[in-house]
Amino acid sequence: MIDSQALERHGLKPDEYERIVRFMGREPNLTELGIFSVMWSEHCSYKSSRVHLKTLPTDGPQVLQGPGENAGAVDIGDGLAAVFKIESHNHPSFIEPYQGAATGVGGIIRDIFTMGARPIALLNSLRFGALDAPGTRRLLEGVVAGIAGYGNSIGIPTVGGEIAFEPSYAGNPLVNVFCLGIARASDIVKGVASGVGNSVYYVGAKTGRDGIHGATMASAEFDEKSAEKRPAVQVGDPFMEKLLLEACLEVMQTDALVGIQDMGAAGLTCSTTEMGSRGGAGVELDVALVPQRETGMTPYEIMLSESQERMLLVAKPGREHEVERIFEKWDLHAVRIGRVTDDGMLRVKENGKVVAEIPNRALTDEAPLYRRPMTEPPYLREVQALDVDALEKNPYFGAKSDAAENAHGPVLLALLASPTIASKRWVYRQYDHMVRTNTINLPGMGAGVVRIKGTDRALAMSVDGNGRYCYLDPYRGAMLAVAEAARNVACSGARPLAATNCLNFGNPERPAIMWQFAKAVEGMGAACRALDVPITGGNVSLYNETDGNAVYPTPTIGVVGLLEHADRVVGRRFQESGDAIILLGEGLGELGGSEYLKMVHDLVRGLPPALDLNAERALQQLLVALAGERLMRSAHDCSEGGLAVALAECCFETVGVGAEVSIGAAAVAHDARLNRAAALFGESASRVVISVVPADVTRVLEQASAAGVPARLIGQTGGNRLRIAVGGEMAVDTAVTEAERAWSTAIEQYFAKRVA
Amino acid sequence: MKFGIVVFPGSNCDEDAFHAAKEVFGQEAEYLWHKDADLKGADVVILPGGFAHGDYLRTGAMARFSPIMNPVRAFAERGGPVLGICNGFQILLEAGLLPGAMLRNKGLQYRCEHVHIRVEQTDTPFTSGASAGTVLRIPIGHGEGNYFAPPDVLQQLEASRQVVFRYTDAQGRIDEAANPNGSVNAIAGICSQQRNVVGMMPHPERACEALLGGVDGCAIFASVLRWVGSPLKV
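Residue numbers (the numbering used here), protein chains in the order written: chain U, 1 to 756; chain F, 1001 to 1234.
Hints may contain errors.
Unchecked claim - Here are the computed lysine-lysine pairs in the DSSO-like style, where the Cα-Cα straight-line distance is at most 27 angstroms:
| id | chain 1 | residue 1 | chain 2 | residue 2 |
| --- | --- | --- | --- | --- |
| 1 | U | Lys329 | U | Lys316 |
| 2 | U | Lys54 | U | Lys206 |
| 3 | F | Lys1002 | F | Lys1022 |
| 4 | U | Lys47 | U | Lys190 |
| 5 | F | Lys1040 | U | Lys453 |
| 6 | U | Lys190 | U | Lys316 |
| 7 | U | Lys206 | F | Lys1035 |
| 8 | U | Lys54 | U | Lys190 |
| 9 | U | Lys54 | U | Lys13 |
| 10 | U | Lys329 | U | Lys353 |
| 11 | F | Lys1040 | U | Lys598 |
| 12 | U | Lys353 | U | Lys206 |
| 13 | F | Lys1035 | F | Lys1022 |
| 14 | U | Lys598 | F | Lys1022 |
| 15 | U | Lys753 | F | Lys1106 |
| 16 | F | Lys1002 | F | Lys1035 |
| 17 | F | Lys1106 | U | Lys453 |
| 18 | U | Lys316 | F | Lys1002 |
| 19 | U | Lys329 | U | Lys349 |
| 20 | U | Lys349 | U | Lys206 |
| 21 | U | Lys190 | U | Lys329 |
| 22 | F | Lys1022 | F | Lys1040 |
| 23 | F | Lys1002 | U | Lys329 |
| 24 | U | Lys598 | U | Lys453 |
| 25 | U | Lys329 | F | Lys1106 |
If you're looking for bench data, these hints aren't it; they were derived computationally from the structure.
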C-alpha cells in the first residue's frame, strides 16, 4: 500500500503520484513506485530544467551527435570524432569524497566508451569552501585522491582543470568531471535496443545494495542528517572498469552489437528504459538472472541499485557467442538477462513471475515537466551596487606614500598566493597527466592539449566557470564562463568547436534559484551562439544546498577545440628574453566580482566584467590565426587577478624570464592608487597577453588591427624581475623567484603546515 | 629487431611502449597477452606500466602468476634483455627477477612529474648507449615507487654495481628534495646480477618525442637497439 510516507521517501509529490496512477490505470506496486521515483527524479528527468535547456544551441556542421545520447560528438577531420561530456558528482562527493569523486570519474568514462570512443583525456572542475575552513581539507584531499585513484588506475590522463575556493561551497562542494574520447566518426555506437527477440546482456560488476536511490538523493537538499545517506554512495572499482572498457571497445569492433548502454544513475532501471525508448521497443528482463553480490535482494533493490561498472548490451541474433567470447577473454561474464520486445513495456520478472510492468513512455515522455515560477533574487540589486570611491584604504599599501616604488607588489604577491589563483601543482601531480603519451600542454598551462596519434592534429580542452560572477549576474556570468573556456582553447592555438555544460544550482523549487538558472542558461546560449560552440550535451545538478544555503549559481562549461598542427601549439610561458609583450583586448579597470575586491576588501560586489561577444569572437579568431602562422611564442588569458597576475604567470616555470611592462592607469576612482590597482588587477574580459619575436611585432599589430582587436605593445620580456609601471609609476617591481615562490608553494605549504 | 610488450589486463602504458618502439624507433613491436605463454620471437621484452590486476593487494603481486611470466623468466635466464617500467619493475620484484620491494611513496601520494635520474651503469642493454653520470629528465607516475631492500641485499646490490639509475637534481647531485618517493640510496632503477634484466620507475617511453616536452628517454631505447645489434658479452 502506497501512503504519503512512502511517497515522501521516494521524493514524489502527491500530484506526481496521481499522474502515475492515471497513466497506469491502477496503483503501482512498490517496485514500480521505486522505478518511477528514480526515472522521474530531477536527476534523470530534468523536469525543472528541460524547458530552459531546449533554448540552447545544439547544431552546427561540426556536430555529429548532440544532446540525448550518452555523450556529444564533433567532427575533427580524418574521419575521426571527438566524443566528450561533463558530469557532476556533487552530492556523493560531499557525503563520501573519495568514492563520490572516483565514481564520478568512472561514470563519465563509461559515457564516453559506451559511444564506441577510446577515452584519452580527463579534466575536472572543483569547488570547495574556503581552504582554511573546517572540513575543506578532508573534502579536497578525498576528492583529489578519488579522482587520482580512479583515473590513474584506468590509465586515462587528467590533463587539466580548475579549482576555486569560496565559502558558499562549504556545505556543498562541486565535483564536475569531463572526459573526452576518440572514435571513428562512422563507428559511433548508440544506446538503443531493437530487434524483437534479441538478447539483452548484463556485463560487469555484480549488483549490490550500494547506491540505491542515488539519483533521488541527488535531487534533494542536504541537512544535518545527510551523513546518514552514506549507503546511497557507490563504491568504485577502476580495474573492473578497465576490463569493461577494453572488452567493450573490442566487442564494438566486431559489429555484433545492436546497442550498448552503461548503468549510471538509476542503474538497471534507467538503462533498460532508455535503450528501449530510443529503439522504440520494450525490454523484458528477469532479475533472478542478474549477477548479485548480496543474498536476498528484492526486485526493487536490484532495479534501483547504482552499483558501478555495469553495462547493458543488446547483441545481434546469431552473434551472441562472439560477444560472450570477447568478455571471457577479459575474465568478464556476459549474462543474458532478458530480451527485446515489441510492446514498448519495461517488464521486470522474478523467476518468471512479473513483478513490474510499466510502459517506457510513462517513464520518459510522460515524466512531469515543470515551468517553475521565477523571481529575481532580492539580494541582487544590493550586491550589484559598488561604490569604488568608498572602498577603504587598502591594508596592503601600509604606510607607504602614494608614489612608493612597488606599492602594488605586496598585493600581487598576496593574490598569487590566494588559493583560487595559486598553482595547483599539489593537486595535479597526484593525477597521472602523461599516460597515453599524448599530452602536449601539461596541467597548469591553460587549456589541456593532447595530440591525436596518427594525424598532425591535436585537441585542446578547457573547463571554466566563475560562481562569483554568476552570483552577481547569472546571465553575464554564464556568458563569461563560455567566453573564458573558448578563449583558453584559442590561446593554445586551437579553434573552438563545441561545448558541454554542467549546471550546478540550488533548489529549483525556490523562484530565486530558478531565475538564476534561467538567466544563466540564457547567457550561456547567447555566448555559445556568438562564439559558434554549440552545446552537445552535459548535465544539470540541482538542489546543491545545505540547510537552505545554496551554492553560488555555477554553470561550468567545457570547450573542445581543434589544432590543425599539433606542433604549432602555444603555451602560457614566456620563451626567451627580448620578446615583445603585446596585450590583446582592452582593460577597463573593472573591479566588480574580482579576486582583488574579495581579497583586499573582503567584498563580493559589483557587476562582473562586461562582455562584448563580437569582440570576443574577433579576439579568438585572431589567436587561432596567429598561432597557425607561428606568430605567437606564448599566449595567456587574463582572468582572476587581472593583467598583473597573468603577466606573473607568464614568467613562471620558465628559465627565469622576467618582464618589463608599462600600462596606463584606469579611470574608475578618484584615488590614483586605486586606479593603478584597477589597471593591474581588474578583470576585464577578452584580454590576452601574448609574446612575439621583435621582428613580428608590426605584422601582429597589423593583423590585430585588421581583425578589429585592440592591441598594444606593453613591454618586453627579460631580466629576472617583473616590473610593471602604471601611469608612469613603478607599481610592481618584484623578483620573479619571489613571486613564483608565493604562487607555487601556497597550497602545498598549507597542507605541509597542517600535517606538522 | 622486435619488441615484445606484455599486456596484463590492467596494463595502461602498453600502448605507449608500443608506440615508442614502433613509431618513434621504427622497430617491429608485438603485444604479448598475459595468458599466452609465447614471446613470439621478441628480441627485447618490456613489462609496461599500469595496474596489472588492479593491484589492490600489492602492486604486481598477482601478475607474477600469469602464464606469460614463464617464458619471460626463461628468456631472462638465457640473457635476453628485459625492461620493467614502473608497474613492470614492481612485477619483476614480485617475480623475484630483481631483488628488493616497493613501499608507498614517502608522501603517501601518487606523484606524476618530471624527475632527474643519473645513469650509474652503462654495461646493461638499456644504458649501453649512455655515458655514466649522464643526467636524464624523465617523468614518473606512481604511488608505490619507494624502493626498499634490507641492508645486506642493498650492500650486495651496490657492491655488484646493480644500481643503474639514481634520483638526483638537474646537476646530477643526490639530494633528499630530488628523491620523489623516498627510495633507499635514491634508487630509481636496478639490474639483475646478469645485468640483462632492468627495472626502473621513471617512464622513458613518455620522453621520446620533442612534442611531449623531452627526448631523454630515447637513450634507453637507443641503447637496447644497439645492444641487440651487437650484444655485450656479460
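Hint check:
{"no.": "1", "hint": "U/Lys329 <-> U/Lys316", "result": "holds, 20 angstroms"}
{"no.": "2", "hint": "U/Lys54 <-> U/Lys206", "result": "violated, 37 angstroms"}
{"no.": "3", "hint": "F/Lys1002 <-> F/Lys1022", "result": "holds, 9 angstroms"}
{"no.": "4", "hint": "U/Lys47 <-> U/Lys190", "result": "holds, 24 angstroms"}
{"no.": "5", "hint": "F/Lys1040 <-> U/Lys453", "result": "holds, 26 angstroms"}
{"no.": "6", "hint": "U/Lys190 <-> U/Lys316", "result": "holds, 14 angstroms"}
{"no.": "7", "hint": "U/Lys206 <-> F/Lys1035", "result": "holds, 24 angstroms"}
{"no.": "8", "hint": "U/Lys54 <-> U/Lys190", "result": "holds, 21 angstroms"}
{"no.": "9", "hint": "U/Lys54 <-> U/Lys13", "result": "holds, 25 angstroms"}
{"no.": "10", "hint": "U/Lys329 <-> U/Lys353", "result": "violated, 34 angstroms"}
{"no.": "11", "hint": "F/Lys1040 <-> U/Lys598", "result": "violated, 64 angstroms"}
{"no.": "12", "hint": "U/Lys353 <-> U/Lys206", "result": "holds, 22 angstroms"}
{"no.": "13", "hint": "F/Lys1035 <-> F/Lys1022", "result": "holds, 23 angstroms"}
{"no.": "14", "hint": "U/Lys598 <-> F/Lys1022", "result": "violated, 53 angstroms"}
{"no.": "15", "hint": "U/Lys753 <-> F/Lys1106", "result": "holds, 17 angstroms"}
{"no.": "16", "hint": "F/Lys1002 <-> F/Lys1035", "result": "holds, 20 angstroms"}
{"no.": "17", "hint": "F/Lys1106 <-> U/Lys453", "result": "violated, 35 angstroms"}
{"no.": "18", "hint": "U/Lys316 <-> F/Lys1002", "result": "violated, 39 angstroms"}
{"no.": "19", "hint": "U/Lys329 <-> U/Lys349", "result": "violated, 30 angstroms"}
{"no.": "20", "hint": "U/Lys349 <-> U/Lys206", "result": "holds, 18 angstroms"}
{"no.": "21", "hint": "U/Lys190 <-> U/Lys329", "result": "holds, 24 angstroms"}
{"no.": "22", "hint": "F/Lys1022 <-> F/Lys1040", "result": "holds, 16 angstroms"}
{"no.": "23", "hint": "F/Lys1002 <-> U/Lys329", "result": "holds, 25 angstroms"}
{"no.": "24", "hint": "U/Lys598 <-> U/Lys453", "result": "violated, 44 angstroms"}
{"no.": "25", "hint": "U/Lys329 <-> F/Lys1106", "result": "violated, 37 angstroms"}
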